[in-house]
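2 protein chains.
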Amino acid sequence: MGKDKINNPSSGEISEESKTMVRNLAQRIYDLDSEVYKAVGSSLGRTFNGDKKAAIDQLYRLILTNPQGYRLRSEIALVGNMARTIRDKSVKAQLMTEYNEILKETKKIPLSFGNVDIIDETLANLNSSNFGHTMSKEDHLIICISRTEGSAGTDIGFALADALHINYYDAEVFRDVLRKIDDEKDVEWKGVNKAIKHKRARAFSRYHGLSMRDAAFFNESEILCNMSKEQDFIVVGRCADAVLINNHIPHISVFITAPFEQRAKRIMELEGVSYKKASRILQILDKKRERFYNFYTGKVWGNASNYDLCINSASYGIKEAVDLILRVINRDSKGN
Amino acid sequence: MGKDKINNPSSGEISEESKTMVRNLAQRIYDLDSEVYKAVGSSLGRTFNGDKKAAIDQLYRLILTNPQGYRLRSEIALVGNMARTIRDKSVKAQLMTEYNEILKETKKIPLSFGNVDIIDETLANLNSSNFGHTMSKEDHLIICISRTEGSAGTDIGFALADALHINYYDAEVFRDVLRKIDDEKDVEWKGVNKAIKHKRARAFSRYHGLSMRDAAFFNESEILCNMSKEQDFIVVGRCADAVLINNHIPHISVFITAPFEQRAKRIMELEGVSYKKASRILQILDKKRERFYNFYTGKVWGNASNYDLCINSASYGIKEAVDLILRVINRDSKGN
Numbered sequence: 001m002g003k004d005k006i007n008n009p010s011s012g013e014i015s016e017e018s019k020t021m022v023r024n025l026a027q028r029i030y031d032l033d034s035e036v037y038k039a040v041g042s043s044l045g046r047t048f049n050g051d052k053k054a055a056i057d058q059l060y061r062l063i064l065t066n067p068q069g070y071r072l073r074s075e076i077a078l079v080g081n082m083a084r085t086i087r088d089k090s091v092k093a094q095l096m097t098e099y100n101e102i103l104k105e106t107k108k109i110p111l112s113f114g115n116v117d118i119i120d121e122t123l124a125n126l127n128s129s130n131f132g133h134t135m136s137k138e139d140h141l142i143i144c145i146s147r148t149e150g151s152a153g154t155d156i157g158f159a160l161a162d163a164l165h166i167n168y169y170d171a172e173v174f175r176d177v178l179r180k181i182d183d184e185k186d187v188e189w190k191g192v193n194k195a196i197k198h199k200r201a202r203a204f205s206r207y208h209g210l211s212m213r214d215a216a217f218f219n220e221s222e223i224l225c226n227m228s229k230e231q232d233f234i235v236v237g238r239c240a241d242a243v244l245i246n247n248h249i250p251h252i253s254v255f256i257t258a259p260f261e262q263r264a265k266r267i268m269e270l271e272g273v274s275y276k277k278a279s280r281i282l283q284i285l286d287k288k289r290e291r292f293y294n295f296y297t298g299k300v301w302g303n304a305s306n307y308d309l310c311i312n313s314a315s316y317g318i319k320e321a322v323d324l325i326l327r328v329i330n331r332d333s334k335g336n
Numbered sequence: 337m338g339k340d341k342i343n344n345p346s347s348g349e350i351s352e353e354s355k356t357m358v359r360n361l362a363q364r365i366y367d368l369d370s371e372v373y374k375a376v377g378s379s380l381g382r383t384f385n386g387d388k389k390a391a392i393d394q395l396y397r398l399i400l401t402n403p404q405g406y407r408l409r410s411e412i413a414l415v416g417n418m419a420r421t422i423r424d425k426s427v428k429a430q431l432m433t434e435y436n437e438i439l440k441e442t443k444k445i446p447l448s449f450g451n452v453d454i455i456d457e458t459l460a461n462l463n464s465s466n467f468g469h470t471m472s473k474e475d476h477l478i479i480c481i482s483r484t485e486g487s488a489g490t491d492i493g494f495a496l497a498d499a500l501h502i503n504y505y506d507a508e509v510f511r512d513v514l515r516k517i518d519d520e521k522d523v524e525w526k527g528v529n530k531a532i533k534h535k536r537a538r539a540f541s542r543y544h545g546l547s548m549r550d551a552a553f554f555n556e557s558e559i560l561c562n563m564s565k566e567q568d569f570i571v572v573g574r575c576a577d578a579v580l581i582n583n584h585i586p587h588i589s590v591f592i593t594a595p596f597e598q599r600a601k602r603i604m605e606l607e608g609v610s611y612k613k614a615s616r617i618l619q620i621l622d623k624k625r626e627r628f629y630n631f632y633t634g635k636v637w638g639n640a641s642n643y644d645l646c647i648n649s650a651s652y653g654i655k656e657a658v659d660l661i662l663r664v665i666n667r668d669s670k671g672n
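Chains as they are written, first to last, in the working numbering: chain A, 1 to 336; chain B, 337 to 672.
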């Protein structure tokens, strides 16, 4: 912020050097526009009509007074769009070179378009599908899938695990893993279990006063973090995206959904129920997931800004959604 | 629907042949589970404990009575996850082969997991990033970008157009194109314009009774459809995704957003304003886009199920978001 105050409205000062640079650029844009429209053979579509000095002044003001640069981008886009229609190849090549040079120059203007990034370094560093950030060799490939009911998110997750030859975890699998850990613990806890006769009191003592649901969630989160040190895997649900972000563990989070009508159709076929019943199932299960996610993460379930990526499975289908994710993480369809 | 009633709850009939097939499969899953746990050297983690006949019966019922197949998938996943930990390579290879065979058999069960697709053929056929559907040679590459304010969606769109060497259109560019068409029309309309003196009456006559906003929208939509017959391009905003779906024109629709806080930070830097002011800008402009989109499309702006893909630009940044989209559409960073 404020590295260069060239067109920052909060600063009144613009150096003479900057002014000269911007005026030169305005002149070049104007000249390119003239050349392009000469080559296209039309003046009607010309971006900057009228008096040359006035047009350059206008461009100059545009660059200096519009901090977002979007007007400048649009003006440059217009010239570029027109230049691409030039039939004479050598003229086109020459003018496109100048166009690209101007683009480069534009990027030197601190608050021009594209110069202030939206990147959140913390998120970007944890995003395994952001290849601008090299992952550590100890990091495993972890893909977190959240999904709406009926969107085939779990089917896509399972097929993806299969394509990548990595483990697959969902609520059922976790329940099983937890049950086994519990069975093992039961041996250790035998004495205590005998001493505390009341079932709820036993659970209270065992889970340090947490509710069964909270205890299960925290147990799952702990298992998730431990697993992420040892293996590549796909995890469906369990707020895994939020758990991994909170624990600074790299992963990619994907939300899978599809239009309600399409999901309802699928449930009708899978469950052999009416449209009305299918809609009810979707509403109840989505609501349940929403409550669970919002409660444990403090974020809004299904909001695209929580995940790295959202996929509309109706636009892809199961197989192509898997292939899409493979392209996103730079793997081929054999998982290499 | 109902091609095979093997495990459709709405049908009471299950053929003897199907029953035998499912019983064989249950037996194979049970056997694989035993083999895997023998190889791993643990029986504690075993998926199917206890009496063999009872376990197979349980699996058999699971396959036949659970139409969604998710319990079956989870059971199979557990066995597979464990099999991948086998250290002896030849034993592992042998058991993974059997695992894959079982997966294949499972897919023959009509309503097992992954067998009822979520694909909407209409959407899939119009989705240029779904490579399961071959596009016609006359189809152009059209990328529709919708975005929240401050998410750098326009910057990503412009940089993407630049990488692909294709045209870029946004509201400003459209306004300019429309203005030029209007200028051209003015010549034709000179006589009429003179006859109708009142400005609003003139507009009413000219736009066939539509409001200026509606007229502009329908003009833009028409230009969009005409352009799509002639060129590859990126279009930002203008409900282009919905317009192209309604007109059966293949494209890929991408919604770009980022967490509110990150967008606010970016606006603060771009506009040199306070956090409070930046938040206000975001709220006003997002609300404006939301109203426009909902009004003209009848859909909910920003809902992931309207677009092929949503991208969290904070997880990628401008450059990596461009690269991500290039991977999605199978182009390299030089646009080839």
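Because the hints were derived from the structure by calculation, they are not lab data. Hints may contain errors.
Said to hold, decoys possible - DSBU-like cross-link-like pairs, simulated, lysine-lysine; straight-line CA separation at most 30 Å:
no., chain 1, residue 1, chain 2, residue 2
1, B, K623, A, K288
2, A, K180, B, K428
3, A, K92, B, K428
4, B, K440, A, K319
5, A, K107, B, K440
6, A, K265, B, K444
7, B, K440, A, K92
8, B, K389, A, K276
9, B, K655, A, K277
10, A, K288, B, K635
11, A, K108, B, K601
12, A, K299, B, K655
13, B, K428, A, K107
14, B, K623, B, K635
15, A, K180, B, K443
16, B, K444, A, K319
17, A, K265, B, K516
18, A, K104, B, K516
19, A, K180, B, K389
20, A, K107, A, K92
21, A, K319, B, K355
22, A, K287, B, K635
23, A, K89, B, K516
24, A, K319, B, K428
25, B, K601, A, K107
26, B, K425, A, K229
27, B, K374, A, K104
28, A, K38, B, K565
29, B, K635, A, K299
To see whether the hints hold, each was checked on the structure:
This hinted pair checks out: B:K623 and A:K288 have alpha carbons roughly 28 Å apart, not beyond 30 Å. Simply put, A:K180 and B:K428 have alpha-carbon atoms about 23 Å apart, close enough for the 30 Å limit, and the pair holds. With a C-alpha separation of about 60 Å, the suggested pairing of A:K92 with B:K428 is violated against the 30 Å cut-off. The hinted pair formed by B:K440 and A:K319 meets the criterion: a straight-line CA distance of about 15 Å does not exceed 30 Å.
A hinted pair counts as satisfied when its Cα atoms are at most 30 Å apart, and A:K107 with B:K440 does not qualify at roughly 54 Å. A threshold of 30 Å between alpha carbons decides the hint, and for A:K265 with B:K444 the separation of about 21 Å falls inside it, so the pair holds. Note on B:K440 and A:K92: the hinted pairing is violated, with a Cα-Cα distance of about 55 Å set against a maximum of 30 Å. This hinted pair does not check out: B:K389 and A:K276 have alpha carbons roughly 39 Å apart, beyond 30 Å.
For the hint pairing B:K655 with A:K277, the CA-to-CA distance comes to about 46 Å; that exceeds 30 Å, so the pair is violated. Proximity of A:K288 to B:K635 is assessed by CA-CA distance (about 24 Å); at most 30 Å being required, the pair is judged to hold. A hinted pair counts as satisfied when its Cα atoms are at most 30 Å apart, and A:K108 with B:K601 qualifies at roughly 21 Å. Straight-line distance between C-alpha atoms of A:K299 and B:K655 comes to about 27 Å, which keeps the hinted pair within the 30 Å bound.
Simply put, B:K428 and A:K107 have alpha-carbon atoms about 55 Å apart, too far for the 30 Å limit, and the pair is violated. Taken as a hint, the B:K623 and B:K635 pair is honoured in the structure, with Cα atoms around 14 Å apart against an allowance of 30 Å. As the CA atoms of A:K180 and B:K443 are separated by approximately 28 Å, the hinted pair is consistent with the 30 Å bound. Using a Cα cut-off of 30 Å, the hinted pair B:K444 and A:K319 holds, with the two alpha carbons roughly 16 Å apart.
At roughly 47 Å between alpha-carbon atoms, A:K265 and B:K516 are farther apart than 30 Å, so this suggested pair is violated. Under the criterion of a C-alpha separation no larger than 30 Å, the hint pairing A:K104 with B:K516 is consistent with the structure, at around 28 Å. Taking the CA atoms of A:K180 and B:K389, the gap is about 22 Å. The hint holds against a cut of 30 Å. For the suggested pair A:K107 and A:K92, the alpha carbons sit about 22 Å apart, so the restraint of at most 30 Å is met.
For the proposed pair A:K319 and B:K355, the alpha carbon gap of about 28 Å is at most 30 Å, so the pair holds. Proposed proximity of A:K287 and B:K635 is supported: the alpha carbons are some 20 Å apart, at most 30 Å. Taking the CA atoms of A:K89 and B:K516, the gap is about 26 Å. The hint holds against a cut of 30 Å. The suggested pairing of A:K319 with B:K428 holds, with an alpha-carbon distance near 26 Å, which does not exceed 30 Å.
For the given pair, B:K601 sits about 20 Å from A:K107 by alpha-carbon distance, which is consistent with the 30 Å threshold. With a C-alpha separation of about 23 Å, the suggested pair B:K425 and A:K229 falls inside the 30 Å cut-off, and the hint holds. As the CA atoms of B:K374 and A:K104 are separated by approximately 64 Å, the hinted pair breaks the 30 Å bound. Of the supplied pair hints, the one linking A:K38 and B:K565 holds, its CA atoms being roughly 26 Å apart against a limit of 30 Å.
With a C-alpha separation of about 23 Å, the suggested pair B:K635 and A:K299 falls inside the 30 Å cut-off, and the hint holds.
Hint compliance for this structure: hints 3, 5, 7, 8, 9, 13, 17, 27 are not met, and every other hint is.
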